[in-house]
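Number of protein chains: 2
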Amino acid sequence: MSEIRPIEWANGTLKFIDQTRLPLEEVIVEAHGYLEAVDAIKTMRVRGAPAIGVTAAYAVAMAAAELDSSNRDSFLQQLSAAGVEIKAARPTAVNLMWAVNRMIAVASSETDTSRIKDRLVTEAVLIEQEDEAINRLMGSHGKDLIPDGGSVLTHCNAGALATAAFGTAVGVIRASWEDGKRFKVFNTETRPFLQGARLTAWEFKKLGIPSTLVVDSAAGMLMHRGEIGCVITGADRIAANGDTANKIGTYTLAVLAKENGIPFYIAAPTSTVDLSLATGDQIEIEQRSQSEVTEFRGIQVAPEGVEALNPGFDVTPAKYVTAIITEAGVARPPYTESLNLAVRSANY
Amino acid sequence: MSEIRPIEWANGTLKFIDQTRLPLEEVIVEAHGYLEAVDAIKTMRVRGAPAIGVTAAYAVAMAAAELDSSNRDSFLQQLSAAGVEIKAARPTAVNLMWAVNRMIAVASSETDTSRIKDRLVTEAVLIEQEDEAINRLMGSHGKDLIPDGGSVLTHCNAGALATAAFGTAVGVIRASWEDGKRFKVFNTETRPFLQGARLTAWEFKKLGIPSTLVVDSAAGMLMHRGEIGCVITGADRIAANGDTANKIGTYTLAVLAKENGIPFYIAAPTSTVDLSLATGDQIEIEQRSQSEVTEFRGIQVAPEGVEALNPGFDVTPAKYVTAIITEAGVARPPYTESLNLAVRSANY
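As they're listed, the protein sequences go chains R and D. Per the working numbering, the first sequence starts with residue 1, numbered consecutively. Per the working numbering, the second sequence starts with residue 1, numbered consecutively.
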């Protein structure tokens, strides 16, 4: 395929690439009801904040399809209950809540109950199409931040697989590359789930962009040696002041970048900005299973009974973030102003 | 066993725990000639700077045993050639060169050729015994640096398995614990070889010290949240100015510690100090196989053909190091003076 599209909607069924089986196998899985879509999010077969948002939108449409819409109030009540279930799939990426809320609002605003189910499918398709358009806009806004002849480091997977298409951080790298710039690309393997080794390296290979894989803890040495020109990652939730929750290890990369005088960028749609949170201290951090750390594909690596702590995300304080690339442009500090403006200009 | 001793010398044979098979299996392997000992170091079945030094000392004794000692000059020449081979096993840990040089010097100083082979065995046994004594001294010097009621983070494995017995950084933690202090212990898994998950977690379990395992990239978040009272690691080579080569990721932890106002300690014997190098820039960093990053126990995790960079070590500039614990005491900045003093007082 020329464009990586991890999610596809066809005749009431959601098809998605099972990201737990990449890069060795490209397996397309079908979710027939909204609970199967919720399960795909929970098990990280679909992951990445924007992709979770798109999947959640289709999940609301699938939930609606299963309901009797003849009684509008009862329909909306049941849809809202399904929305609560969908939102509980994962706690940190706010795009999940954003997409469900947008779908429920559309349902509530539709007075013609005979049209309501179709209207929800249309809205989910729109969210998916918008996501790709937004990512291409971010690429165009951010591409000149990648230094021609220099180098860039990215973490986890903020590529097409994390979105409807094109990607956020990887999208910016791709846009810069397609613009004719040439630079070295490094990406971290991203323990424990190895999104970098499994997914981002796979995407760069498909894009024909040469990349070099390193363990997470080697990024510091590369920065200290002057081998990294800038760092760019995605985000799972950004507070009003610019504090950013993203994959565990992002905070570390941001501190290392600051210490070595390297710009640190975030690329994320405005749907990732949560203006209801003043700072990142209020962002809920998902604690994932210990076995992701103590086992590798079912093989025990740590001694039996050893306790592990497995936070899925960390919060990078805004002071470490050089700029936040959104579809509305490149936001710079003070973020309380620039992000507010970005969110308002995106919701025209 | 009550004390973990990774290396045992018995009747001309070197026995060692195969550390690549821990923690699931405790397999004792025998090296019958010095080339098998060199191979054990190369394949990291024996690893950790002091343990490599002890193994290298026995390797020299084993090489000597295979030689005709009737002609002293020819014997010394061949022993020296074997020494060059042994020193080439791994490039970064200076204890390897230190131990071989010490053994060759002993051989050269022995004028009675009939005694020379026994003398080398005696010296290797002495190096092993000294190493344990040195580690216990480091424990006693460093134990009060671990805050009672606080917490400590260690990286990689600087425990008994990395030494003759007792350990360096883990030895300090153990000495503090045995002194009655109670604190939380965190240890990183240490990609790509997982020495933390496989070896350090195993040692803490045997010692009865509760520990919590985290992926390398989660250490930053813990520090930022105030959950780490101090960081302590071992070292593979320390330059005269205190710049310290240690397992990849150590530099990152040191930067994070500084950024969060947390003391960062190194525990290493003076045999790890290389006064011939003015700064860490001159330390050779071992580049290991890409497959350690792209595969896991033979299972491909990254896409076929993806390039990986796998530096085994990084160099932490002295400015990030709060103190260096040696058998001669706790060295503080300026290290050019304090380390020089430590090395001279140790070589009394």
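The hints are simulated quantities; they were obtained by calculation from the structure and are not laboratory data. Keep in mind that this is a model prediction, so the values were computed, not measured. Do not rely on the hints blindly, as some may be mistaken.
Stated by the list, open to error - Computed cross-link-like contacts, DMTMM-like style, restricted to lysine to aspartate or glutamate with a CA-CA straight-line distance of at most 20 Å:
hint, chain 1, residue 1, chain 2, residue 2
1, R, Lys205, D, Glu304
2, D, Lys205, R, Glu337
3, D, Lys205, D, Asp179
Against the structure, the hints come out as follows:
1. Lys205(R) with Glu304(D): 9 Å, holds
2. Lys205(D) with Glu337(R): 51 Å, violated
3. Lys205(D) with Asp179(D): Between Lys205(D) and Asp179(D) the Cα gap is close to 18 Å, so the pair holds against 20 Å.
Comparing the model with each numbered hint stated earlier shows that hint 2 is the single one that does not hold.
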